[in-house]
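> Which chain is which? The protein sequence lines are A and B, in order. The first sequence: position 6 = 152 (our numbering), numbered continuously. The second sequence: position 81 = 84 (our numbering), numbered continuously.
A hint or two may mislead.
Unchecked claim - Pairs of lysine to aspartate or glutamate residues, derived as EDC-like cross-links and limited to a Cα-Cα distance of at most 20 Å, are as follows:
#1 B:K10 - A:D233
#2 B:K10 - A:D230
#3 A:K160 - B:E7
#4 A:K229 - B:E91
#5 A:K152 - B:E12
#6 A:K155 - B:E12
#7 A:K229 - B:E13
#8 A:K181 - B:E91
#9 B:K10 - A:D188
#10 A:K160 - A:E209
#11 A:K229 - B:E23
#12 A:K160 - B:D179
#13 A:K155 - B:D6
#14 A:K160 - B:E13
#15 B:K10 - A:E209
#16 B:K10 - A:E159
#17 A:K152 - B:E7
#18 A:K160 - B:E91
#19 A:K155 - B:E7
#20 A:K181 - B:E12
#21 A:K155 - B:E91
Calculated directly from the structure, the hints in this document are not laboratory data.
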Amino acid sequence: MLNFDKLDKAIHEKGRLAIMTLLAARPSWPFQDLKAELGMSDGNLITHLRTLHKLGFVAVTKEVRVRPHTSYSLTAKGRVAFKDYLDVLDQIVRTGKK
Amino acid sequence: MNDERSKAEEHLRVIRSLMERATIYRAISAPTALVAGLLSIFAAVAIFLNNETGFNVGFQITSREFAFVWLAVLLISLMANAFFIRHEALRTGRPFISPAMKLALRAIAPCLLIPLSVTVWFLQTGYLGNQELFLVAVWTGFYGLALLSTNLFAPRSLALLGWAFLLTSVAIPVLDRAIETDFSADTPDLAMGVTFGLYHLIYAACTWSGTGVLFSEKSAAE
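Given these sequences and hints, build the entire structure.
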């Protein structure tokens with residue numbers, strides 16, 4: 147039976163879920179835009195992004211224009227993990243309705 | 004079981020809301036459209052009465068003044084827009100210049116260059132040739148294009164507003180030649196009243212939250 151135990155714990159955390167959702171919505175997000183959208187502190191956001199990066203869910207692109215510019219995007223693995231996460235949530239809702 | 008289901012539903016709601024926030028941006032809010040619409044109607048009626056009746060607004064509205072009046076309407080509408088965006092940002096605890104707003108400004112900016120240069124030309128020498136209708140066609144056309152440039156992340160209502168402006172801009176010169184009336188000299192003013200006035204009021208009425216949305220608000224990206 148499907149329940150919350152089946153959900154990917156790395157994504158299920160509130161902050162990381164918000165990050166994954168935003169990354170799934172657009173191809174790439176600059177760090178500052180992510181921070182502004184989520185209202186997180188630098189440290190908090192970096193910690194979550196590092197966790198997701200270590201898991202291979204998030205890709206980091208660093209460019210030096212006038213200033214260093216770091217942007218984040220979802221990897222193929224991250225996109226699949228996020229889709230699986232949504233599928234499990236969807237299944238829980240459907241099962242509950244039956 | 005039901006507890007898990009409601010938790011899952013809540014998670015999906017949060018995800019949906021975050022995704023919409025990231026993918027849908029309404030460059031013109033309903034209150035802004037209402038202010039812009041009312042101001043435009045007021046300006047159009049004042050100019051019309053000044054030209055056609057004894058009613059006088061205090062100064063002669065010639066070609067150049069026509070442009071100045073509408074630039075004043077634009078300025079006040081932009082200030083109202085900034086006020087409403089700031090108010091919404093404070094209410095929701097989000098930044099005034101949000102990432103979505105930056106994205107919209109990047110899309111809109113190129114569409115404003117030609118109307119800007121045509122306006123400068125009009126104020127310098129263009130007004131001497133009574134080119135108001137040309138100015139109005141450029142303003143409405145490029146305003147429509149600016150709205151359509153946000154099509155990928157704008158709600159459907161904004162894209163429809165963009166199309167209405169663009170098609171009207173195309174129709175203005177054609178209709179002006181086809182329909183000769185006693186008020187032909189007022190065509191630029193009437194066109195501004197109809198587009199920036201009436202269209203904005205219709206848009207405000209259709210999108211005003213709480214009064215019901217007349218058409219579905221789905222992003223073109225969906």
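> Measure nothing beyond the straight line between the CA atoms of K181 (chain A) and E91 (chain B); if it is 20 Å or shorter, mark the hint as holding.
holds (19 Å)
> Can you confirm whether the C-alpha distance between K10 (chain B) and D233 (chain A) stays at or below 20 Å?
holds (14 Å)
> With a cut-off of 20 Å on the C-alpha distance, tell me whether K10 (chain B) and D188 (chain A) pass.
Given that 20 Å is the threshold and the Cα spacing comes to 29 Å, the pair is violated.
> Are the Cα positions of K160 (chain A) and E91 (chain B) separated by 20 Å at most?
Distance of about 24 Å is beyond 20 Å: violated.
> Taking 20 Å as the top limit, are the C-alpha atoms of K152 (chain A) and E7 (chain B) close enough?
The hint holds at about 12 Å.
> Run the distance test for K155 (chain A) versus E7 (chain B): straight-line Cα separation, threshold 20 Å.
With a Cα-Cα distance of about 15 Å, the restraint between K155 (chain A) and E7 (chain B) holds, given a limit of 20 Å.
> Holds or violated: are the alpha carbons of K155 (chain A) and E12 (chain B) at most 20 Å from each other?
holds (17 Å)
> Tell me if the straight-line CA distance from K160 (chain A) to E209 (chain A) falls inside 20 Å.
violated (29 Å)
> Are K10 (chain B) and D230 (chain A) close enough, with their CA atoms no more than 20 Å apart?
holds (17 Å)
> Between the alpha carbons of K160 (chain A) and D179 (chain B), is the straight-line distance 20 Å or under?
Since the Cα atoms of K160 (chain A) and D179 (chain B) sit roughly 59 Å apart, the hinted pair is violated (cutoff 20 Å).
> Compare the distance between the alpha carbons of K160 (chain A) and E13 (chain B) with 20 Å, and conclude whether the hinted pair is satisfied.
It holds: about 12 Å lies between the C-alpha atoms, which stays within 20 Å.
> Is the Cα-Cα distance between K229 (chain A) and E13 (chain B) 20 Å or less?
Given pair K229 (chain A), E13 (chain B) holds - Cα atoms ~17 Å apart, limit 20 Å.
Of the numbered hints stated above, those contradicted by the structure are hints 4, 9, 10, 12, 15, 18, 20 and 21, listed in ascending order.
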